[in-house]
Amino acid sequence: MNSGFARRLRTTIPRMPRSLPISGLEIRNFRCFERLRVDGLTRVNLIVGTNNSGKTALLEAIEAVVSDMSPFILYRASVERGESHVRSWGSAGEDHEINVRHWFHGHTLAEGTSFSVRATGERERFVSRTIERVPSDAPAPPFVPGGFQITLERPGMRKNTVTAGLPLLPDGSLGAGPPSTFTGFGALLHPPVGFMTTQRLPVAELTRLWAGIVLTPREDSTIAALRLVEPTIERVAMSGSGDAASVQVLLRGASSPVPLGTLGEGVSRILAIALQLASSQGGFLLIDEIESGLHWSVMPKFWRFLVQAAREFDVQLFATTHSKDCIEAIARLHREDPGLTADITVHRIEAGKTDSVRIDARVIELAIDGEQEVR
Amino acid sequence: MILDKNYHRLFVEGQSDAAVVNKLVLRRLGLDLAQNRIVSTGDRDEGGFEWVRGQLEAALVTKKLVRFGAVVDRDAVSGKPDRWLSMRSLLSSHDVDIDAPPAAGMLATTAWGARIGLWVMPDNVSAGDLETFLESLVPTESRDWAWAGEATTRAKTEGAEFRDVHARKARLNTWLAWRDPPGNPYGTAIEATQLRDSSPVVDTFVDWFKRLFIDP
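So the protein lines, in turn, are chains D and Y.
Residue numbering for the first sequence follows my numbering, starting at 1 and increasing by one per position.
Residue numbering for the second sequence follows my numbering, starting at 1001 and increasing by one per position.
Hints were generated in silico from the structure; no laboratory data involved.
Heads up, the beta-carbon is just placed ideally off N, CA and C, and yes, glycines get one too.
It cannot be assumed that every hint is accurate.
[What the hints assert, rightly or not] Capping the alpha-carbon separation at 20 angstroms, the derived lysine to any residue pairs in SDA-like fashion look like this:
#  : chain 1 : residue 1 : chain 2 : residue 2
1  : D       : K353      : Y       : A1177
2  : Y       : K1210     : Y       : V1066
3  : Y       : K1005     : D       : G370
4  : Y       : K1005     : D       : K301
5  : Y       : K1156     : Y       : T1140
6  : D       : K324      : Y       : Y1007
7  : Y       : K1005     : D       : S323
8  : Y       : K1005     : D       : E371
9  : Y       : K1005     : D       : E111
10 : D       : K301      : D       : P338
11 : D       : K324      : Y       : N1006
[Stated by the list, open to error] Simulated restraints, written as ranges between beta carbons of each label pair:
#  : chain 1 : residue 1 : chain 2 : residue 2 : range
12 : D       : L215      : Y       : Y1007     : 50 to 56 angstroms
13 : D       : T120      : Y       : S1198     : 55 to 61 angstroms
14 : Y       : D1082     : D       : D355      : 30 to 36 angstroms
15 : Y       : E1161     : D       : H322      : 50 to 56 angstroms
16 : Y       : T1109     : D       : D369      : 25 to 31 angstroms
17 : Y       : D1082     : D       : Q199      : 55 to 61 angstroms
18 : Y       : P1182     : D       : D369      : 51 to 57 angstroms
19 : Y       : K1080     : D       : D369      : 57 to 63 angstroms
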């Protein structure tokens, strides 16, 4: 391209959005995926597919690859899935041991078993874990020569790869420590990584997130989000921490606040999502079953809020859903505001297929109009 | 054979097209498409062709349907565009390449293994529309068919408002107005055997439908 042409391009093309942190993914040998490619990711990505197609596993793969600087990759997911047990020996009763075989396609633990997740985008990200034999000259303990270790590769200086190993117990478990050390670790990463399961966020967690946004403009956008499901909400106050934490909500015209728990699941869910979005500024937010707790009638407004908040806080969002209401809401939002839905794509994964199907909001609207199923 | 609308779909331009397909397939193949809502229809008054094209595009992108197709008017008469060209560019942008519509109706396999079909009214080769296709179903012994043509031409000289592009439609509906009971819509006329259910072009269409949705 000659420079004159390049200059013309710069002047004729309106401001191009900067490239997204993640635009594509390639997963190998991870959980249910022998191989999976996902392309054309946008700021807000909705993952659909039948049961057992691997929607949650895809979120975990994304969580792992965007947390590539974390030592605790997949710990949270394993504990959440019940792939861990509390250590039955030693002093600390809360320490978990993770059965890492479930991280690998086929659940097999053998020398050379390996998974990897590669992401393309503003920069390339990569994580992998491999099962290897502990070399005979390894410093023991905790390494047992001849036993298994799990190794991770990290890109080091000048293309040299740094390999580090963690010893596995004879039954294939990995000592993980107490969950409190790794469940909230994503928030400490740069950029931050948030993960929301279908579980209601504990009040203590809500108050912790609230502390990070209270008295900032992000508090106002959070309250505005809550009004999507409960328009009479005036103010929210949180106090205490740990077991003493409480969330109080003042409704319009009421003389005293009521506890959050009295307002129904939708309010709690939106509050949690709004707080997580604000707390994941500049990073990533992953939400499993995003429709959980939300009535279909709020979906179009909810999606408007999601895109606006993801833009405002510069968050790349990945969410799974089973819900037809979610898909229909995207179609409706596209009719009302195609400028917003340009940031939304739907990605369908299917068991045994190596490529996901990418559907943009314009095609979603066509399909919904013709009663074509896209999930 | 049971077709499922989540996997089998035929997109057509309007209600009358849907009724014709439903009745022909019911009579000829014994298959009740209406019950399972296999035939999806746009609104001819609001750009039925564009709707069909959009639905085909959605099916080609979402890759959910396993057997699907479209029935559209070729038009290409009286200054109307040749719809085949529009369809060909859509198909070709999704790696389904067809030079010209075969007279037997287009069938192809997509990259992900779905079967896609396209029927261009009236016979995949000629210019025309649904009414051109239906003319072949007027019983040959019907002596008032010729008179319906003359009457339509005469009516035009007497100030009838239909546009020239709709002359065939006017003639067919004039002829239907003289049946017992008079004025049946096309699908009902087929069901009531006022229109036949077989002609060389209709037999070819039924065979195309069968190859698209039923044959292994």
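Hint compliance check: list the failing hint numbers for this structure, sorted ascending. Of the numbered hints given earlier, those the structure breaks are 1, 4, 5, 9, 18, 19, listed in rising order.
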